[in-house]
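J.: If you want the building blocks of each chain, they are given just below.
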Amino acid sequence: MLQQRDYTTSQLDVLEAEAIHIMREVAAEFERPCLLFSGGKDSIVMLRIAEKAFWPAPIPFPLMHIDTGHNFPEVLEFRDRRSEELGARLVVALVQDSIDAGRVAEETGRRASRNRLQTTTLLDAIEDNEFDAVFGGARRDEEKARAKERVFSFRDEFGQWDPKNQRPELWNLYNARIRKGEHIRVFPLSNWTELDIWDYIRREGIEIPSIYFAHTRSVFERDGMLLADSEFVTRGDDEPVFEAVVRYRTVGDLTITGAVQSTAATVEAIIEEIAATRLTERGATRADDRSSEAAMEDRKREGYF
Amino acid sequence: MDILRFATAGSVDDGKSTLIGRLLFDSKAIFEDQLEAVERTSRDRGTEYTDLSLLTDGLRAEREQGITIDVAYRYFATPRRKFIIADTPGHIQYTRNMVTGASTADLAIILIDARKGVLEQSRRHAFLTSLLRVPHLVLAVNKMDLVDYSQERFEEIREEFTSFASKLNVSDLTFIPISALHGDNVVSRSENTPWYQGSSLLHHLENVHIASDRNLVDVRFPVQYVIRPQKATDPAFHDYRGYAGQVAGGVLKPGDEVLHLPSGLATRIASIDTFDGPVEEAFPPMSVTLRLEDDIDISRGDMICRPNNQPQAAQELEAMVCWMTDAVKLAPRSKLTIKHTTRTARALVRDVHYRLDVNTLHRDETATALGLNEIGRVSLRVTHPLFVDEYSRNRLTGGFILVEEGSNTTVGAGMIVDARG
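Sequences listed follow chains A and B, in order.
First residue of the first sequence? That's 1 in UniProt numbering, and the numbers climb one at a time after it.
First residue of the second sequence? That's 1 in UniProt numbering, and the numbers climb one at a time after it.
The following block holds chain B by itself, in its conformation from the complex:
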């Protein structure tokens, strides 16, 4: 059994909470005491039906205002897979939450109301999904019961969305006609849509192939922590020196020739260690400890790669940045802390090239700054080299966060488009 992480985008009106409620309920991930609490609250509020959105809205302010304000994580499992749902609110003011939820997602579900068709918000969700390079996208055309399960309506929406999606980087796009309320095509194929030959939503989630979505080509091992057991009880470990980290790309094997950055020195992997014993190979997302054949001065923030396949050692970054605070704006001469893999540096904003309208994809080149929930292309200069790849090639070595130095809060998320020494 493996794990699929997926993000859901949409608002209560699209039936998102109903859909999540149904997936949880039908997979028995909702328990009686949770359901009772929801039924009790629904009754107290005079709601006629059991409001499943109460399951996902965990904070007092959310229940009081009837809105979702943050990313909520939900869990369910079938015999085939464990699922982690990043449930993100759909309103424009929560772009930052959707970006957060999508950053780790293998798949995103965008809900569309079959009566309303492709709205501005659907386009926004699709754009953010492609910006964050979520490998698989599902367009769930919901409320099919309210359009008499019309194939014509479904095809119309499919066509309109496909034409919009051709402007985006979406590699795997699946359309599924559903009714979350009645369960059509959610867990099993519905008799109401005999014209639909595809999988039910759950069947698709259980079977979509994700193992090869991770970059298994470019070896990238950001050194996270140096393990030197100085007080080891076992004398065999007195001279032990291991480089611990989580594999961010490629497949590493003992004996492989590797290169250390920033030194540029080459050596070989002596062994790949874990608490449970040495392993014959390491690949994403494994957390392992490498021992190398030669003594090289290696510390946290360094990178291990292959001599003939290196990331760019860059101090000049071009990136798409999503700005996540209303306290300050991102503008030229802003100084921020940047965290990329296990390396932290300071960054100076050199230029804001344009701001992107997330609904129309229009580039506003007159923009000089980015505000809360705005996305734009930005040039940064950093104090010392980061070992980067384009985000489209590797999400882990192409993504970074920006931290505001006064408040210490995370204020930006960046995706590298281009980089230079």
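So that you can see chain A by itself, here it is in the shape it has in the complex:
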């Protein structure tokens, strides 16, 4: 007898199944993939998907972090602990090494940041390790240049992205063909939104670094954002430090990542807060995207994450 059964699949299950499919395609078709793992929430979710995609086998590729040297210690601790728990190899590429080698020059002044320098470190690390596929946790809802990027995003031998010359992507068929020296950036979370990420973290009970939750921190205000006071930033006299209860919506280099005032201490409270917010996560917390309308597009063209 034919049973009446509803085969509706929840949005998180659809997104997870799609991301697992993408990860397995990469593992099957590339020689040397790696997964960018910063300890931020998107890369944490990506890592969980990788665990699921290959279980009961271990994740068949190393993790890599581009460390600006200006990261939150809580996040670095989390990064190391999580990699060890999974028994994964972690490659850490240091922006400081690129500076010492004369590959890039440290910016100076009040707005000095190592954000843009990361691109060189990243591309050098990809080349040195001969990685041919690099998983990133970027989502299309983050930024309008990203809204047009493919899941398999081709990079030439200079690591450049050419937005006008992208490979068409149909059905669930991904074109993995490249020549030596080129690589593909792969974004398994392309179709996830910020809220999907948090819903998934809640559903899966995934651990995340403490700075995502409300805590008291010494901060100062710049461009309407709250930046952490640290040895890595140069403050002006008009930028007094004060204590505030904050949390981070995104986790990046601490010189450019703003905190939001919040008392959300649990994943549930964060989800409630995000559902009600009227600012995008990058608009609220990333100085790097505010410099111009095409800031992200320009950095991506050069080979940024």
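Worth flagging that the hints you see were computed from the coordinates, not collected in a lab.
Values in this document were obtained by computation on a predicted structure and should not be read as measured data.
There's no promise every hint is true.
[To be verified] Within a straight-line C-alpha distance of at most 25 Å, the following computed SDA-like cross-link-like pairs (lysine to any residue) qualify:
id, chain 1, residue 1, chain 2, residue 2
1, B, LYS253, A, PHE30
2, B, LYS116, B, LEU361
3, B, LYS335, A, LEU12
4, B, LYS116, B, ARG153
5, A, LYS52, B, ALA236
[Said to hold, decoys possible] Over 10 Å on every C-beta distance to chain B, these chain A residues come out as not near it, computed from the model:
id, residue
6, ALA88
7, GLY102
8, ARG140
9, PHE158
10, PRO163
11, LEU226
12, PHE232
13, THR234
14, GLY236
15, ASP238
16, PHE242
17, GLU268
18, ILE271
19, GLU273
For each residue, glycine too, the CB sits at the ideal point set by N, CA and C.
Assemble chain B onto chain A, guided by the hints.
T.: Frame of chain A, contents of chain B only:
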């Protein structure tokens, strides 16, 4: 909450960006900082109104030229559903983008300007939607405010389009009179169209039934990756051998008799595994790992199906192909790489039977090649068998891409019409 993926076709003139802007805005998916950026740019350019198309045109070249050149993906959610919009430009030179956006769509919205009626481009969009077998089509008759919300005008357009659509394979066609600018029938039913008894657009998007659009009849499991944890920390997994993949059709259950292709050997499903534990059934679009009762030599690119319901193992393919590059033409004797499910082979073009005029549906049988954005019927021979179904039966086992071997770019999208050993 499930996901509906829909494609929108039309140009700025049809009010497509306004419609998307309104759906995003009314569902609170546009944020203040995005809106401010758009308002600032509109002001800088001297535009009098807030140009919502700036939200969707993400690339510098698009903003400079005021055009959309690529598929943009947008996201919004209501308490009932999450929505993924593939926003595709409507110009003829972007046929390949519309084909791309439609390939994964559950539904397509075609916008028509109520003053202009059914244009050549509307017919093109409808044809592409049916070629790609998008299961649900919505014809949004926009700018109803500019025709005084005339029922007569709406019916006229409905009749004209219905008569054209009868030549196509459109199974579910819905007409909705809207004004994207004023919001009539977009989120809620409008008082301006008391003669219209149907749903608002958003209500339709929230409620259209899509779960049964996926093929749940023909079991198709393309093997994607073999999981053999040789260094498993847990000794229980030393002899583990699982076949990982995403279900492309049918419903699989432990104990089911299945058949492996190309070997033709039958066995049973021992278990359906996931990281979260074994499951009692697997169906599209689940990504799972199958363990089988017997040891069969199985690798990536193979297919698992049912003994009494098998795909065609084919080396001769008849397909409708959309060509996506201007670097070379698709012509007899072209050699390309073909990717179908998880299997990759080489393909030789044997014949181009005809080129289809996407506006008139006229078949030009004198054509000998396909250029950029052209669609035609093509015969291919492939180096080793692919396990295929007709595209109309299963989009995942009936679709393929063609890759040019010099540049490695994706140059064609194919939909299988017929296949032989």
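J.: Of the numbered hints stated earlier in the document, which are not met by this structure?
T.: Of the numbered hints given earlier, those the structure breaks are 1, 3, 8 and 10, listed in rising order.
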